[in-house]
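Number of protein chains: 2
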Amino acid sequence: MVVLDLSQVYNGPYCTMLLGQLGAEIIKIEPFGGEPVRWRVVGEQQTAAFDLLNGGKKSVRLNLKHPRGRELFLSLVERADVVVENFSPGTLQRLSLGYDVLARANAGIILATGRGYGAGTPQSEQRAMDLTIQAVTGVMATTGQPDQPPTKAGPAVADFFGGTHLLAAITTALYQRTVTGNGQHVEVAMQDAVVPSLTSSIAGYLDSGGALPERTGNKHSGLAVCPYNVYPAADGWVAILCMNDGHWQSLCRLMGRGELAEDPAFGSPPARVAQMDKLDEIVAAWTAEVTRQELVRRLQDVGVPCSPVLSLSDVMTGPLVGADGMIRPVLDPTGRTTYALGNPLRLPASPPVPATAAPALGAHTDEVLREQLGIAAAELERLRHDNVV
Amino acid sequence: MVVLDLSQVYNGPYCTMLLGQLGAEIIKIEPFGGEPVRWRVVGEQQTAAFDLLNGGKKSVRLNLKHPRGRELFLSLVERADVVVENFSPGTLQRLSLGYDVLARANAGIILATGRGYGAGTPQSEQRAMDLTIQAVTGVMATTGQPDQPPTKAGPAVADFFGGTHLLAAITTALYQRTVTGNGQHVEVAMQDAVVPSLTSSIAGYLDSGGALPERTGNKHSGLAVCPYNVYPAADGWVAILCMNDGHWQSLCRLMGRGELAEDPAFGSPPARVAQMDKLDEIVAAWTAEVTRQELVRRLQDVGVPCSPVLSLSDVMTGPLVGADGMIRPVLDPTGRTTYALGNPLRLPASPPVPATAAPALGAHTDEVLREQLGIAAAELERLRHDNVV
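Protein chains in written order, with the working numbering: chain A, 1 to 389; chain B, 1 to 389.
Just chain A, same shape as in the assembly (with noise of 0.2 Å):
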């Protein structure tokens, strides 16, 4: 399976390394200044996200704007099985690299297109950002305290949404064509894949005809379930909810409050959602005196769902980055230790896949050229001169 990458940035390229964690092999295909999170630094240096996101692929520096680039690409097509692309609309059009133009070299090629809006759509024109998709979908409207203003999720919830929808869509049109015989071009817009995560939010605002507060903090986002907030610890943060009667009832007794779990007038998830601020009280009075690790080694005792709120250094320095973690070391190979995402889908049949670190720009072009097109070197040296590669 061979995945030639245009993308840039999250949205595609996340997509794209998931596709190398299932055994793909992934040609990144880069302008001459590299794609833009190269060039994004922090100081002086190139940062982290770049090697995150780029383990495993290869670098093929191509000058698509030159007829020489543009051909040599649609031989690599000719090859590979899926195209990925997230630049802003109209750009492979600019390129005459269109889907039909693609479908003629390959029949069987499956174009995968990452859009901020729908195709179609009054702004599907627009070139969308994370940010800026945050901002139009209700993601910032619901996020925060109500006496607030409207805040940005802290994951780019919009690039990595988009993203994982694109690998479905893509692996649904790998299984499609072995039926069909036929690839198609696939597309996922950020604004689209972003909804259904408002699920809670969107059905509060049905149920409650627009009356509910549209950022409820760390209560439930539609208000309609109680106990369900962050609450102090002696040394922290802890998350608890109550997602039925049994979960309220064993904490009230946890709490030493069983007078509480036989109250029916906290009976219902309705009935506590309306005394939400007074079962908050009492719950935040009993979590402040007790730390994180108590208070979640009693909940779980007693079966009610809750966690420690872990800051980031927590996570950083916690099981999640390691060997078989999400988060990877790896050496580069100047020696430098990198970090690369792991793979979160475990399929018995894609064994996981070494982490390897990003590549240099460019850092394979040769080999790919040679490998997949047959290209000698005397050729390359003059592609490299024309500025071709």
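If you're looking for bench data, these hints aren't it; they were derived computationally from the structure. Values in this document were obtained by computation on a predicted structure and should not be read as measured data. Please note that the accuracy of each hint is not assured.
Here's a subset of chain A near chain B, in silico, CB distances under 7 Å, partners left out [what the hints assert, rightly or not]: (1) L167; (2) A193; (3) R346; (4) H364.
Here are the simulated distance ranges between beta carbons [to be verified]: (5) B:P354 to A:R384: 20 to 26 Å; (6) B:V41 to A:P351: 44 to 50 Å; (7) A:S208 to B:D235: 20 to 26 Å.
Ideal placement from N, C-alpha and C gives every residue a C-beta, glycine not left out.
Go by the hints and put chain B onto chain A.
What follows is chain B alone, placed relative to chain A:
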């Protein structure tokens, strides 16, 4: 393509909703009380969350704890392609319906498990919910203002990243089955699926040796891009970001501050990041006088990425809601208008499935058992009498 859907709440049901949108027949197997979101109510009314995620599915009420119920389920497995579940750890084994049992009934079956934590991790046996996964992965730590407590992201990122990755795992396994002839047991842990979306924060942590604030309000999560923020407008908020020097120069000229565009003190991303507060102030002073719509018009004219920050009410009264939108009005059998989610995956080979309402509990029990297993009316009567269906 037949999918047996044992899943509940958001994670699994979103995954199977997408499979249904791609053309699969989704048979939702529910316990006698219905799955948990059926009984989540606001006031007296079932929340719209169930409707949003279960449109187009068939509901079969089936008691898997009854030997005859388990037997019927295994007969359905013989004719199915995929089984999806996100029970708490160990539940399927306690029902004697682990992968080994399913695979004996049908070697081609794909069992897809949505988990909280990865198999083999210290927390693998813990139950997890969206809130608790947000707490332990750093989503909360990276969301909100630096001087405020950790904050939940409004979207249910754990559930929906989990569900989307699970979809990709299933479609990958379907593709692999065309080669191997065999199914497999695929798994996705919400914890793993969320981590990549924190790339900016993780990179910021790695690049700074942990010196950056773990949450940055509406600034870039890795403090690697500036300007990048939500700025006040005369009538709300607007998101603006400058991904490169060109965007910055265009913004300066638009603000009537051409001298800043030429100033080497702001001539690179690190230089601008070093003076982030000052630049944010300059931009905010300019935006505060102008409406969202007018700001967006002017910024887009000069190619600077931006968008209005929409309220939830803006979203719910905008073009995302409608017959072709992501939030689709549908009539249920009683004539009530409910809403079903649309499909972010656009594949020409999977033409749009008309939106239909979520099923009543057990609405298709008889139909499915009759059509799939040839069970006659008298036998259905007996099964009902014996509390099997």
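Hint-by-hint comparison with the structure:
1. L167: Because about 5 Å separates L167 of chain A from the closest Cβ in chain B, which is inside the 7 Å limit, the hint holds.
2. A193: 4 Å, holds
3. R346: Holds, because the Cβ-Cβ distance from R346 of chain A to chain B comes to roughly 4 Å (cut-off 7 Å).
4. H364: Nearest chain B Cβ about 23 Å off; hint violated.
5. B:P354 to A:R384: 20 to 26 Å: 55 Å, violated
6. B:V41 to A:P351: 44 to 50 Å: 46 Å, holds
7. A:S208 to B:D235: 20 to 26 Å: 24 Å, holds
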